[in-house]
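Residue numbers (this note's numbering), protein chains in the order written: chain A, -13 to 100; chain B, 1460 to 1571.
If you're looking for bench data, these hints aren't it; they were derived computationally from the structure.
Heads up, a few of these hints could be off.
What the hints assert, rightly or not - Here are some chain A residues pointing at chain B (derived, C-beta under 10 Å):
1. Gln(-8)
2. Pro(-6)
3. Glu6
4. Asp10
5. Gly26
6. Phe31
7. Gln36
8. Gly39
9. Asp42
10. Phe51
11. Phe52
12. Cys78
13. Thr86
14. Pro87
15. Thr98
16. Leu100
Cβ atoms here follow ideal geometry from the backbone N, Cα and C, with glycine treated the same way.
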Amino acid sequence: GAGVSQTPSNKVTEKGKYVELRCDPISGHTALYWYRQSLGQGPEFLIYFQGTGAADDSGLPNDRFFAVRPEGSVSTLKIQRTERGDSAVYLCASSLGGRTPEQFFGPGTRLTVL
Amino acid sequence: TQLLEQSPQFLSIQEGENLTVYCNSSSVFSSLQWYRQEPGEGPVLLVTVVTGGEVKKLKRLTFQFGDARKDSSLHITAAQPGDTGLYLCGGMSGGSNYKLTFGKGTLLTVNP
């Protein structure tokens, strides 16, 4: 079956602009996660959805970052007033949820803020 | 804050050699996952370990979870150029069954 898909694969924007990053999880996966990976680092947790609700958004760096998952499937990560420090690869993962720990990642969106 | 350290950070070897990479923490993990990531791609799940002392094998890769569930190792036998990539370990702890904390990874290069 299809894996996690993310669009766009690359996004270049200017400082101060607004961006939206999309994630389409594996069909049937109720849990969805966003991570951010900077150069030379491992992925860093941002937010976790179980169904439609954000169960844990403690990893979001500040209030410029927001994510939604209105129908419990596709999720959008939104970044307002982008800063150069937001440049990174944004990874989405999904899992069956519950006590199943395995998370499956998408290819990521590389965000560059000029 | 849980800190997960991986070593070595970089490893360059010749095809056919054996190698071991390590993942260590002061925290106890409820589960630990190993991933391999290639440039421009997302991490690909290799294995999940949940029981202290557990050993899992995936072809030429052997994964071990420490008895105290604070550390893990990945051993590759007869490495091949296709094994080249960033090996990441990610652990769940503190009662969380969803938040993965990752190390910085080991960047492995296998030269033909």
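Starting from the hint list further up, note which numbers the structure goes against and sort them upward. 2, 3, 4, 8, 10, 11, 15 and 16
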